[in-house]
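Undergrad: With chain A fixed as given, assemble chain B with the ligands onto it according to the hints.
Below are the chains, spelled out letter by letter.
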Amino acid sequence: MPAWLDKIGFRLILVVGVTAILIIGVFSYFNIRSHTEVLLAEVERRANQLSETVKYSTRHDMLFNQRERIHRQIRDIGEQPGINRIRLLNKTGEIVYSSKPDDIGKMVDKNAESCFVCHSDQKPIERLTISERTRVFRLHPDSVRIMGIINPIYNEASCWEASCHVHEPEQKVLGVLDVTIPLADVDAQVQSSRLEMTIFALVSFVALSCIIGIFVYRWVEIPVHTMVTATHEIAGGNLNHALPENRSDELGQLARAFNHMTRKMAEARLQLFQSDKMASLGRLAAGVAHEINNPLTGVLTYSSYLMKRTASQPDIQEDLKVIVRETLRSREIVKSLLDFARQSVPKKSAADICEIIRRSLSVTENQLRLHRVKVETNFNEDMPHVVVDSNQMQQVFINLLVNAADAMSESGGTIHIHLARINLSPYGTTQIRKALCNKNHNLMSPDIKINGLPTIRLKAKSEGAEGFLYLDPIYGSHQHEYGILSGNIMSLQCPQCLTSVINESVRCPKCNALTYSFEVAGKGVFRGCTRNGCDWQQWPIMDEAGVREFVEIKVRDNGIGIPPEDMSRIFEPFFTTKGQKGTGLGLSVIWGIIDNHDGKITVESIPGLGTTFTIRIPVKS
Amino acid sequence: MSSIKDILAVDDEPVVLTAINKTCTSERLKVDCAESAAEALKRMESQDYRLIISDIKMPEMDGFQLLAEVKKRGITSGVIISTGYATVENAVHALSEGAIDFIPKPFTADELLSALYRGLRYGTIVSSENKSGNILPYVPCPSRYYRLGYGSWVYPERDGTAKIGVTDLFVKAMENLTAIELTPMLSDIYQGNSCAQMRDARGLMHAVMCPLSGQVIQVNEELTEAPSQIEKDPFFEGWFYRIIPTDLEYELPKLVSCSSDRL
Ligand SMILES: [Zn+2]
Ligand SMILES: [Zn+2]
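Chains as they are written, first to last, in the numbering used here: chain A, 1 to 621; chain B, 1 to 263.
Okay, chain A solo, but in the shape it has when bound:
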């Protein structure tokens, strides 16, 4: 089967086209039929009139038996255009007069078409309607159709009182006037109507097909093709590929759902990638460390040896100090990579984060000055101590500062380091393990899982659609699964007892939409916003109990920023945007260090405006 036969577009065109042809066909059939009837009735009326005219114009001559005059009259009328012939038959079937003189004297079979109506009951009928006196026939199969109308000539008093005394008074019908008219005109008209209708049907079919074709192409073919291309891209591993979301129809919804799915996949892959890459990075580091440590031993021993030797020469001492310091830093980097390879925990101790950042700033001072970078800080001294590996954390900040400086243009820029102590609720981390409706039905659904966790199942109705809503069980996470739902939610119910979970009295403080609430077993009420897209949720017991303190460090630069397509990759090992400048180890090592401290590192960037790295380190109580 050819491929185009399988296309939705072709099938749609076929179905609509056939339907159109069918409708036009049926319509044409009835239309042409009634048109034909009207035309025939007109011809019939004309024939009858003619017949009556002949009958009355010859009446006088009949009475006085003026045969020659009758012959001439019938012949003259019969020569008129549009008349086939005019005959007058007597009761025995003999043609007495005719517009065609050859016929005179011939006998007509009483069963022949012109007599059949009257003689079908074997005796002449005295009074007949027009349609009963009319017949349509062909002389032979190839000739045109002909309409014939017979007109009986009745016996009248004047007939038998006339001088000729031809007819007896008992005789009712004296003979029949038979007028025949060709139907060539009518048939030609019907034929042209049929042709017109056929052309009309064909044109409609083609026009409809074209219109449907264009719209199917625009509304179905292009988006579906885009989607297929996107699917191939995704399958090929390009998770940055997004579909345009500008449509408001179902395909637009599909595109948005598709993009949402892709984003989730990208996030999952990033996490997977990260841990995987970290592991292989560790193995690699372990192998490389041994090789690097030998040359490093040469440099470190030599330079520190020279420092001892040149204790009396302060100018050389300063230079050597830098070599020793930087080699020691390299040693710590290699060591941290080795630690990482062994998945060992960092050497944590309670430390002053401000002090660590200050040290990092003094190490990078020269480099920052070289790039004409100003640093603004908001250190306040009441920052709590954090339990960290000071060396590793220093490495983190040195890397961030150097990266920021590299991102600056020729004219330099500013780095803001903003410290804050923040309290984070368990928002985004705490899992709802058992949700209950008012009547204590378990709302948890183990069938649909989000990130491997059972979801909260609610029966949902929206404008016209109905289905299930599976809520993300992580407080503050919104990777909900929508069943067949679209549009705004009208009702939310317990799937078992259909009790509504919508709370009419509590409105969402963010968007003023209706909110839902359910009981979390033993852990109070959980509330959320019903509007699709709104992220408001509230779990008061958790908010009060589980607040943890973090130190938040924001390092913001006004450099060139990170292109969106690179954002997902910057924490990958060996990824670099600096061309040959860096090894790219920086950010992936940073990620590993922060992760080792139970911390979080996120990045926001606007190309052209700058990049902000946010690090959050928990303050241990």
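There could be a bad hint or two in this list.
Here are the simulated DSSO-like cross-link-like pairs (lysine-lysine), alpha carbons at most 30 Å apart as the crow flies [to be verified]:
| # | chain 1 | residue 1 | chain 2 | residue 2 |
| --- | --- | --- | --- | --- |
| 1 | A | K461 | A | K554 |
| 2 | B | K5 | A | K335 |
| 3 | B | K71 | B | K5 |
| 4 | A | K449 | A | K459 |
| 5 | B | K30 | B | K172 |
| 6 | A | K554 | A | K434 |
| 7 | A | K434 | A | K264 |
| 8 | B | K5 | A | K308 |
| 9 | A | K91 | A | K106 |
| 10 | A | K620 | A | K600 |
| 11 | B | K22 | B | K57 |
| 12 | A | K335 | B | K22 |
| 13 | A | K335 | B | K163 |
| 14 | B | K30 | A | K321 |
| 15 | B | K57 | A | K335 |
| 16 | B | K22 | A | K321 |
| 17 | A | K308 | A | K321 |
| 18 | A | K172 | A | K100 |
| 19 | A | K308 | B | K72 |
| 20 | A | K264 | A | K600 |
| 21 | A | K374 | A | K554 |
| 22 | B | K172 | B | K5 |
| 23 | A | K620 | B | K57 |
| 24 | A | K461 | A | K434 |
| 25 | B | K22 | A | K308 |
| 26 | A | K434 | A | K459 |
| 27 | A | K449 | A | K434 |
| 28 | B | K72 | B | K30 |
| 29 | A | K308 | B | K71 |
Quick list of simulated restraints, FRET-style, between CB atoms [unchecked claim]:
| # | chain 1 | residue 1 | chain 2 | residue 2 | range |
| --- | --- | --- | --- | --- | --- |
| 30 | B | A201 | A | Q317 | 21 to 27 Å |
| 31 | B | R202 | A | Q317 | 34 to 40 Å |
| 32 | B | T246 | A | G524 | 34 to 40 Å |
| 33 | B | P253 | A | K374 | 53 to 59 Å |
| 34 | B | T246 | A | L284 | 25 to 31 Å |
| 35 | A | I422 | B | I125 | 54 to 60 Å |
| 36 | B | T18 | A | Q317 | 39 to 45 Å |
| 37 | B | P156 | A | T499 | 44 to 50 Å |
| 38 | B | S143 | A | P295 | 42 to 48 Å |
| 39 | B | E89 | A | E245 | 39 to 45 Å |
| 40 | B | R144 | A | L284 | 54 to 60 Å |
To be clear, the hints were calculated from the coordinates, so they are not data collected in a lab. Remember, predicted model here, so these are calculated numbers, not experimental data. From the three backbone atoms N, C-alpha and C, an ideal C-beta is built for every residue, glycine too.
TA: Below, chain B with the ligands without anything else, positioned relative to chain A:
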């Protein structure tokens, strides 16, 4: 046999040998170098050394095999193991196999010298106490104590915590202790990693290798104020930390039991 030389350095990397040589020579220590374990053994046949410093990873014969061969041949020189692949396992293994010290690469001249001087003095102390000249690390530490090499000890207490300190031999091996730097409360410390620094009169820092991983819950503050106290009573009053061990069952068997030393 000619007069005894101070140090034999064994490493397959010439740059490391040159660096060790320069550092030692500047301190007027007599050094020989060998680029393989075989060459080192050959040199030891014609020359006595007070101290051997050897890399682990070398082609053909590695540092551990050299250590075993030295013991086998009855050579009394103390052996310091050094490696660029400085894992805790390597360090603990080297010490339990009879190395007197472990020094991770890369090291500074001072770090090298502090280990070398300690090693040299250790040899002197041991051989003077033991007239037979046997340098086997006999450490007089109390029973139910465990030690890592001859440097640090750990005493597991009944309540689940453990006390950590350094042996008197370690203190004696470093000349004239002047200061002790301890890690703060609640730090996590790891077996085989440095957990304290001790400064001698020359200004050299001696790293104390931690015998057991855990979290520090008590620090002997008096020690930092009066470091000399440790010379008087290194095993009792001179303790460093009380820790909550994190992996006692796994790590303790790697240490040498002082009770077994007394047999
Ligand atoms: Zn219910
Ligand atoms: Zn809302």
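Undergrad: Work down the list of hints and note, for each, if the structure agrees.
TA: Structure-based check of all given hints:
For the suggested pair A:K461 and A:K554, the alpha carbons sit about 43 Å apart, so the restraint of at most 30 Å is broken. The straight-line distance between the Cα atoms of B:K5 and A:K335 is roughly 34 Å, outside the 30 Å bound, and the hint therefore fails. At roughly 19 Å between alpha-carbon atoms, B:K71 and B:K5 fall within 30 Å of each other, so this suggested pair holds. Taken as a hint, the A:K449 and A:K459 pair is honoured in the structure, with Cα atoms around 16 Å apart against an allowance of 30 Å.
About 23 Å separates the Cα atoms of B:K30 and B:K172, which keeps this hinted pair within 30 Å; it holds. Taking the CA atoms of A:K554 and A:K434, the gap is about 37 Å. The hint is violated against a cut of 30 Å. Proposed proximity of A:K434 and A:K264 is supported: the alpha carbons are some 25 Å apart, at most 30 Å. Using a Cα cut-off of 30 Å, the hinted pair B:K5 and A:K308 holds, with the two alpha carbons roughly 23 Å apart.
For the given pair, A:K91 sits about 13 Å from A:K106 by alpha-carbon distance, which is consistent with the 30 Å threshold. Under the criterion of a C-alpha separation no larger than 30 Å, the hint pairing A:K620 with A:K600 is consistent with the structure, at around 15 Å. For the hint linking B:K22 to B:K57, the alpha-carbon distance of about 22 Å falls within 30 Å, and the restraint holds. Distance check on the hinted pair: A:K335 and B:K22 sit about 25 Å apart at the alpha-carbon level, within 30 Å; holds.
Proposed proximity of A:K335 and B:K163 is supported: the alpha carbons are some 27 Å apart, at most 30 Å. Only pairs whose Cα atoms come within 30 Å are accepted, and B:K30 paired with A:K321 is accepted, the gap being roughly 27 Å. Between B:K57 and A:K335 the CA atoms are separated by roughly 17 Å; this keeps the pair inside 30 Å, and the hint holds. Between the alpha carbons of B:K22 and A:K321 the distance comes to roughly 19 Å, so the proposed pair stays at or under 30 Å and holds.
Simply put, A:K308 and A:K321 have alpha-carbon atoms about 11 Å apart, close enough for the 30 Å limit, and the pair holds. A distance of roughly 27 Å separates the Cα atoms of A:K172 and A:K100; the hinted pair therefore holds under the 30 Å criterion. Between A:K308 and B:K72 the CA atoms are separated by roughly 38 Å; this puts the pair beyond 30 Å, and the hint is violated. At most 30 Å may separate the alpha-carbon atoms for a hinted pair to count; A:K264 and A:K600 meet this at roughly 19 Å.
With a C-alpha separation of about 16 Å, the suggested pairing of A:K374 with A:K554 holds against the 30 Å cut-off. With a C-alpha separation of about 22 Å, the suggested pairing of B:K172 with B:K5 holds against the 30 Å cut-off. Note on A:K620 and B:K57: the hinted pairing is violated, with a Cα-Cα distance of about 41 Å set against a maximum of 30 Å. Distance check on the hinted pair: A:K461 and A:K434 sit about 23 Å apart at the alpha-carbon level, within 30 Å; holds.
With a C-alpha separation of about 12 Å, the suggested pairing of B:K22 with A:K308 holds against the 30 Å cut-off. Using a Cα cut-off of 30 Å, the hinted pair A:K434 and A:K459 holds, with the two alpha carbons roughly 17 Å apart. With a C-alpha separation of about 14 Å, the suggested pair A:K449 and A:K434 falls inside the 30 Å cut-off, and the hint holds. Our distance criterion of 30 Å between C-alpha atoms is met by B:K72 and B:K30, whose separation comes to about 25 Å.
With a C-alpha separation of about 35 Å, the suggested pair A:K308 and B:K71 falls outside the 30 Å cut-off, and the hint is violated. The supplied range of 21 to 27 Å is met by B:A201 and A:Q317, whose beta-carbon atoms lie about 22 Å from each other. B:R202 and A:Q317 have their C-beta atoms about 19 Å apart, which leaves the hinted 34 to 40 Å range violated. The hinted range of 34 to 40 Å is satisfied by B:T246 and A:G524, whose Cβ atoms lie roughly 36 Å apart.
Here the CB-CB span from B:P253 to A:K374 is close to 56 Å, well matched to the stated 53 to 59 Å. At roughly 28 Å, the beta-carbon separation of B:T246 and A:L284 lies within the given 25 to 31 Å, and the hint holds. A hinted range of 54 to 60 Å holds for the C-beta pair A:I422 and B:I125, which are about 56 Å apart. For B:T18 paired with A:Q317, a C-beta distance near 22 Å fails the hint of 39 to 45 Å.
Take B:P156 and A:T499: their Cβ atoms lie about 60 Å apart, and the range 44 to 50 Å is violated. Taking 42 to 48 Å as the suggested C-beta distance range, the pair B:S143 and A:P295 conforms, at roughly 46 Å. Range check, B:E89 to A:E245: about 55 Å between beta-carbon atoms, so the 39 to 45 Å window is missed. Distance hint check: the CB atoms of B:R144 and A:L284 are about 44 Å apart, inconsistent with the given range 54 to 60 Å.
Against the hints set out earlier in the document, violations occur for numbers 1, 2, 6, 19, 23, 29, 31, 36, 37, 39, 40.
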